[in-house]
Amino acid sequence: MEDHTSPVYQARYGWDIRTIGVVVGGAVFTAALLLLDMPLVAKIPGLALFGAGGLFMAYVAFSRKVAFRVDETGVLLGGSPARYSATTVHVPWEDITGFVLWRQTVSGASLPYVGVTRREGAPALPGDGPKARAILKHLVPVPADVAMSSRAVNGWRFDKDRLVAAVSHFAPDIPVRDHS
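Just so we're aligned: 82 in my numbering is position 82 of the sequence shown, and the numbers increase by one with no gaps anywhere.
Treat the hints with caution; some may be incorrect.
[To be verified] List time: in silico EDC-like cross-link candidates among lysine to aspartate or glutamate, alpha-carbon distance up to 16 Å:
| hint | residue 1 | residue 2 |
| --- | --- | --- |
| 1 | K65 | D16 |
| 2 | K160 | D178 |
| 3 | K131 | D145 |
Hints in this document: simulated from the structure, not taken from any laboratory. All figures in this text were calculated on a predicted structure; none of them were measured in a lab.
Work out the full structure: start from the sequences and follow the hints.
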């Protein structure tokens with residue numbers, strides 16, 4: 001259980017409505033594939049997709065890895081659960097100029113993101129490069145710098161009030177902008 005009295009804001013991967021939906025949906029489709037009389041050639045891809053997808057999301061929820069953290073040192077952007085160590089990054093307060101809450105909408109579905117804006121000349125983050133920036137330019141509604149330093153709120157619960165309180169405590173001059 002998270003300590004809600006501490007000025008530190010920390011969110012961990014766990015069970016949220018989207019994760020529960022994927023795990024339950026994967027289990028239902030996997031059961032149907034196993035119980036229905038259909039050719040093996042049709043079952044194998046379905047089992048790989050739905051069974052593995054559901055198991056992976058359950059692993060993410062049970063892992064309880066840190067998805068996002070704001071503390072006295074800065075911000076920890078938790079990595080992708082599949083490559084957590086390689087994609088987790090710490091952004092120190094001296095590199096942060098603001099926070100941005102934004103949404104990515106694709107085919108009617110919307111996914112919230114939380115990110116930081118960083119000072120000019122801050123060290124590059126993992127995955128940053130000209131190819132990634134060129135792709136992001138066409139896919140996201142925020143500048144590539146913000147997209148690179150953002151994390152999707154997927155598999156964890158975001159609490160805007162706790163984020164604002166932590167930022168106000170540790171870096172009161174840094175704004176939190178809500179563009180969602």
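Hint by hint, here is what the structure shows:
no., hint, verdict
1, K65 - D16, "holds (14 Å)"
2, K160 - D178, "holds (9 Å)"
3, K131 - D145, "holds (13 Å)"
The earlier numbered hints are all upheld by this structure, with none contradicted.
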